[in-house]
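Asker: Chains as they are written, first to last, in my numbering: chain A, 408 to 893; chain B, 2 to 775.
No lab work stands behind these hints: they were computed from the structure.
We put the CB at the ideal spot given by N, CA and C, even for glycine.
Accuracy of the hints is not assured; some may be wrong.
Computed Cβ-Cβ distance ranges for the label pairs, DEER-style [what the hints assert, rightly or not]:
no.	chain 1	residue 1	chain 2	residue 2	range
1	B	177	A	892	39 to 45 Å
2	B	265	A	583	25 to 31 Å
3	B	151	A	858	41 to 47 Å
Straight-line alpha carbon distances no greater than 25 Å define the calculated BS3-like cross-link-like pairs of lysine-lysine that follow [claimed, not checked]:
no.	chain 1	residue 1	chain 2	residue 2
4	A	644	B	122
5	A	641	A	744
6	B	20	A	570
7	A	659	A	644
8	A	570	A	497
9	B	122	A	641
10	A	605	B	122
11	A	570	A	659
12	B	156	B	20
13	B	585	B	292
So the chains spell out like this:
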Amino acid sequence: MSDPIRFLLGRTPVEIADADPTTTVLEWLRGPARRCGTKEGCAEGDCGACTVVLVEPDGAGGTSARTVNSCIQFLPTLDGKQVLTVEDLKAEDGTPHPVQRAMIETHAAQCGFCTPGFVMSLYHLHRTHKGQTPPGRETLDRALGGNLCRCTGYRPILDAGAKMFETPAQPDPRDADLPARLASLARGKGLAYRARDKVFLAPRTRAELAAALAAHPGARILSGGTDLGLEVTKAHKNIPALIHLGEVAELKRIVRTATHLELGAGVTWTRAFPALTELWPQLDELLARFAGPPIRNAGTLGGNVANASPIGDSPPVFLALDADIELFGPNGSRTLKLADFFLAYRKTALAPGEIVAGLRVPLPRPETKFAAYKVSKRFDDDISAVCGVFAIDMAANGTIAGARLAYGGMAAIPKRAARAEAALVGAPWTREAVLRAGEALAGDFAPLSDMRASAAYRAKVAANLLIRFHHETAGTGVATRVIAYG
Amino acid sequence: MADRPAPAIADPTFEPVGKSARHDSALLHVTGEATYIDDIAAPADTLETYCLLSPKAHAKIKSIDLSAVRAAPGVRAAICWTDIPGRNDVGPIFAGEPILAAGTVEYIGQPVVAIAADTVKQARAAAARAEIVYEDLPAILTIEAAMAAQSFVAKPAQMARGDVDAALAASPNVVSGEFANGAQDHFYLEGHIALAVPLEDGQMRVHSSTQHPTEVQKMVAGCLNLSANQVTVEMRRMGGGFGGKETQPAIFACIAALLARRTGRAVKYRVDRDDDFMISGKRHDFRVRYKVGFDGEGRLLALDIEYAARAGHVADLSTSIVDRALFHTTNVYYVPAVRARGYACKTNTQSNTAFRGFGGPQGLLAAEHVIDRVARHLGLDPLDVRKRNFFGPAPRDLTHYGQTVEDFVADRLVDELAADVDYAARRRAIDAFNAANPVLKKGMALCATAFGISFTATWFNQAGALVHVYTDGSIALNHGGTEMGQGLHVKIAQIVAHEFGVALERVRIQATDTGKVPNTSATAASAGSDLNGQAARRAAAEIKQRLAQFVAGLWGVSEETVVFAAGEVRAGTHTLKFEDAVAKAYMARVPLSATGFYATPKIHWDRARMWGRPFYYYAYGAAYCEATIDTLTGEYRIDRAEILHDAGRSLNPAIDLGQVEGGFVQGMGWVTSEEIWFDGDGRLRTHAPSTYKIPVARDLPPVFRARLWRHGENREDNIHRSKAVGEPPLTLAVAPFLALQDAVAAAVPGPAPVLTAPATPERVLMTIEKARAQ
């Protein structure tokens with residue numbers, strides 16, 4: 408038996424029963440749906456020309472909206488949602504949306520190819536922006552971090568982003584009954600979609616998930632799809648079975664206990680961001696530089712960790728925060744120190760059929776100094792040349808009691824710098840100690856040279872980030888940032 | 002595409018020239034209704050294409066067997082070079098530039114086999130079944146290796162004036178050095194695409210995302226063994242071009258057309274982003290070596306400079322691009338003795354091509370590096386040294402290629418901008434900041450640029466247009482230029498509406514079509530509105546004159562008294578609405594369609610002697626930039642950019658400002674975060690936005706002010722006294738680059754280390770580290 412995929416395309420209900428489950432939303436929009444306004448610029452979620460808005464129940468009787476890159480989202484992930492494309496924005500009588508009007512008035516489109524993506528990102532900001540005053544440059548930069556324009560140089564687009572608020576957002580009368588319409592699409596049991604000899608399962612509970620994992624031991628696990636999508640669009644792989652974690656409610660929980668912050672593996676980066684920065688405001692820049700909004704709206708904590716990429720930005724964060732990782736499989740759960748999870752290049756402690764269920768992060772302690780740094784060619788939406796996340800616990804006597812120096816981009820796995828940590832422990836928090844730790848890094852890492860950075864640069868930056876950490880936490884008063892996020 | 006009434010936010014005017022009319026497709030752009038080639042409703046059985054690309058930088062094809070490919074599901078045709086009925090050559094200047102690799106592969110990414118199938122997925126899957134045996138040949142992968150092997154795509158060029166050796170020997174100061182600037186991918190958001198539709202009697206209609214429909218027509222005809230009149234090429238709009246669609250579209254269009262011929266079906270060839278990067282050429286990277294002689298106040302006396310550019314595996318436009326680097330090697334400065342040599346290096350990499358500025362930015366950046374070094378050598382402020390070297394009254398007005406600079410305004414732009422930003426105060430503030438900050442360092446630069454306008458291949462400086470007036474008074478406009486987002490169409494429509502004295506909305510711009518305006522030049526060299534604008538005006542003027550003659554007869558007045566204004570035709574007390582005059586003229590059998598033609602006057606160029614007047618005029622600009630660098634990571638920010646640009650009397654200030662801002666930011670990307678990186682095998686490893694980083698919104702400097710110069714006016718009789726504005730602003734990227742160089746200099750005591758481009762964070766940090774280690 409196969410369930411059809413059911414969703415709203417704009418305001419029109421759609422049922423799909425015969426599409427390959429790895430068809431991307433973009434392929435479907437531009438193909439069978441003949442909605443050609445949404446463009447393909449890169450097919451990897453890095454240019455934003457394909458940006459669309461997904462609207463789904465917020466669990467409180469209303470709806471919530473987010474942008475995603477339709478080029479790497481698989482069609483069955485639309486099940487139960489509304490997808491809005493650039494064609495949906497004009498009013499019934501053909502009047503352009505305030506976003507569209509602002510873009511016209513500021514001359515914000517030249518070739519026009521990236522424009523639908525910018526329109527959708529700005530539309531999302533327009534409809535979700537809270538606060539009485541229009542957003543400033545920082546908010547706009549963040550909202551547009553996942554959209555590339557090659558013609559305008561961005562000034563007129565940023566102007567449009569301010570100007571559109573001259574007309575405040577109004578609920579669209581066409582969506583008055585949207586919560587009810589989405590509720591009618593809700594399923595009691597998770598989507599089980601089969602077509603073209605492929606299967607796509609979207610369990611809704613841990614129990615359903617366990618059953619799915621047991622029934623399809625060879626299935627690929629789909630979380631936000633921001634990496635797995637590329638296996639289809641870039642590596643052109645055939646994926647016969649997918650188990651989607653995005654509908655498992657228990658995996659989307661964010662809970663703060665007396666001792667820990669517990670984050671489900673299915674929590675998107677957009678949702679994790681405020682929960683993390685509330686406790687560790689030092690993470691704000693790193694998280695703002697972590698991909699672009701449409702990717703953060705889809706990509707999940709579990710995906711970023713399970714992926715075990717040596718250049719992922721969250722593993723160093725959670726290593727430095729001394730997090731535990733919870734694994735879940737047909738045989739139940741188990742918990743590991745995150746440091747024991749990464750075994751070798753893209754190899755983890757996950758057993759067959761097991762998934763990452765969540766992370767448990769000890770709450771911050773006053774004696775810990777903490778910082779997170781990312782270094783890349785471009786500030787926003789780039790992959791780190793080096794990511795360094797540092798935590799040192801100070802003893803009452805002013806010496807360092809414990810150190811966790813975690814790096815990305817320096818080894819085949821995200822890794823702590825054991826020798827550098829050892830060089831710090833027991834020492835006072837001085838420049839001399841930092842320089843010694845920096846020298847010890849040479850024994851911890853032998854980084855690679857590639858298109859992002861040379862080995863020599865990576866090694867130098869890894870050591871220099873410790874110097875920056877010292878300046879920023881030891882009260883040297885030395886300015887260290889060329890850019891102030893936030 | 003649906004015709005639609007102009008939206009309500011229009012601002013109709015009867016004298017549209019000089020007004021900030023919005024882009025003619027603005028509403029279609031923001032609603033997603035603008036049709037690009039991939040959006041055209043193609044015939045139902047249209048096939049899709051995938052090409053198998055060379056995995057080798059240089060190898061002989063020993064054998065090629067496509068039988069398994071052809072037997073694969075969905076495959077309708079698979080071809081290699083031996084299957085091409087006509088010429089396997091898309092060389093725009095020199096012959097020998099294959100569509101499909103002919104016996105030898107010359108770079109990793111070169112198309113070898115083209116496959117048409119029902120879906121691109123089937124074509125791609127089938128490609129894996131091709132059996133090709135290669136025999137490796139030695140590859141030349143770098144400029145250094147090519148120079149060592151004297152491997153060039155054409156004879157080296159030299160532009161010289163004066164006795165450089167003697168002048169160097171007599172110079173009180175001589176500095177020599179080496180500089181480099183990087184390649185740049187165009188990163189048009191719409192990648193290469195063509196849709197070929199076979200027609201009756203062997204004819205072919207091609208939709209090509211091209212800046213040069215006539216060249217695509219010629220190349221498609223060539224490969225199919227057709228005459229030009231059997232091929233038509235249509236181009237409504239590109240999703241960006243930037244020079245990357247000047248010559249490069251031919252390969253994609255020819256492959257689609259060859260497969261369409263083979264199958265008798267429409268064939269679309271749309272490459273994905275990675276294949277676009279792997280197949281097509283980029284901006285040339287250059288290695289520059291120089292010796293400069295100067296006096297104690299920094300006045301340049303002699304410049305001996307050598308440019309080595311990575312041309313790639315074939316010539317394409319490389320010789321002209323290197324020439325333009327040589328033209329701009331003194332930028333806005335008079336140098337008494339110059340010897341500039343240019344080498345177009347043959348390497349086993351993508352064939353580098355036109356990119357906004359066409360070698361000019363590379364030459365200019367080197368020139369500004371040289372003058373910056375001269376200033377630093379003498380411990381003088383670079384701006385003072387720049388001003389001392391500006392072109393001036395004779396004899397300081399003669400370039401090293403024989404052209405007299407008659408329209409110099411860079412000095413005025415610099416003075417105005419320096420006063421505006423309070424240059425001296427900013428210098429003091431930055432010096433104070435640097436004294437107080439051990440980790441962060443700031444730098445600044447104010448420079449001017451000049452960019453010569455005209456194709457240096459003189460014959461390209463011609464254009465045609467076709468204007469129809471219909472009996473309802475609506476006007477259809479065709480011209481040879483193509484729209485890639487630069488706003489060319491709306492500017493030309495403004496010119497035509499202005500000529501007829503009618504509202505802009507009355508003029509509809511139609512797709513560029515080789516069947517309507519023939520033998521066009523590429524929309525390139527910034528000359529789109531200069532050339533096509535004049536041609537369109539002449540076509541409109543021709544019809545206007547016929548209408549004037551007609552109504553003069555009707556009213557019994559002299560033709561000279563007839564005026565076209567405010568949507569009316571008037572003479573004395575007589576008035577007719579434009580559409581009524583047209584309707585009456587039709588009934589009187591007055592022809593209401595005309596062509597117009599324009600050829601740029603005054604220019605001449607003797608390439609054998611490298612002497613003449615290649616440019617009709619120069620476009621000027623000036624920019625002031627500040628940067629802050631982090632000496633721990635090399636990360637930096639361009640904090641401030643202030644731009645003053647001369648667009649002459651702007652045809653459309655909003656559109657022109659868009660070109661200035663967009664060109665500047667694109668240039669800033671070229672000198673900062675955009676890095677083209679090959680591995681040791683010659684495989685391009687930066688081939689998508691995940692690895693190749695163009696500027697994003699945050700990279701726009703927090704203080705960013707760009708203005709068109711209010712005194713701008715073209716002293717030549719260019720269309721409405723405007724100036725070309727496509728490429729010149731990109732050259733202003735010298736300012737952010739030199740601001741970074743200034744900050745790097747502040748980070749190290751003693752002689753300033755040389756920063757090269759692109760100034761990635763890594764290059765900034767390692768330049769400082771290397772100097773500190775010395």
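Asker: Would you check the hint for residue 20 of chain B and residue 570 of chain A, treating anything up to 25 Å between C-alpha atoms as holding?
Answerer: Given that 25 Å is the threshold and the Cα spacing comes to 21 Å, the pair holds.
Asker: Is 39 to 45 Å a correct range for the gap between the Cβ atoms of residue 177 of chain B and residue 892 of chain A?
Answerer: With Cβ atoms ~43 Å apart, the hint holds.
Asker: Taking only the CA atoms, is the gap from residue 122 of chain B to residue 641 of chain A under or equal to 25 Å?
Answerer: It holds: about 12 Å lies between the C-alpha atoms, which stays within 25 Å.
Asker: Taken at face value, is the distance from the CA of residue 644 of chain A to the CA of residue 659 of chain A at most 25 Å?
Answerer: The given pair, whose Cα atoms are some 28 Å apart, is violated under the 25 Å limit.
Asker: If you draw a straight line from the CA of residue 156 of chain B to the CA of residue 20 of chain B, is it 25 Å or shorter?
Answerer: violated (47 Å)
Asker: Measure nothing beyond the straight line between the CA atoms of residue 570 of chain A and residue 497 of chain A; if it is 25 Å or shorter, mark the hint as holding.
Answerer: holds (17 Å)
Asker: Between residue 641 of chain A and residue 744 of chain A, is the straight-line Cα distance small enough, at 25 Å or below?
Answerer: Violated - the C-alpha atoms of residue 744 of chain A and residue 641 of chain A are around 33 Å apart, more than 25 Å.
Asker: Is the Cα-Cα distance between residue 585 of chain B and residue 292 of chain B 25 Å or less?
Answerer: violated (71 Å)
Asker: Does residue 605 of chain A pair with residue 122 of chain B here, judged by a C-alpha cut-off of 25 Å?
Answerer: Satisfied, since the Cα-Cα distance of roughly 17 Å is no more than 25 Å.
Asker: Please test the hint of 25 to 31 Å on the beta carbon pair from residue 265 of chain B and residue 583 of chain A.
Answerer: Given range 25 to 31 Å: violated, Cβ gap about 52 Å.
Asker: CB of residue 151 of chain B to CB of residue 858 of chain A, is that within 41 to 47 Å?
Answerer: violated (29 Å)
Asker: Given the proposed pairing of residue 570 of chain A with residue 659 of chain A, does the C-alpha separation stay at or below 25 Å?
Answerer: violated (36 Å)
Of the hints listed earlier, those the structure fails to meet are numbers 2, 3, 5, 7, 11, 12, 13, in rising order.
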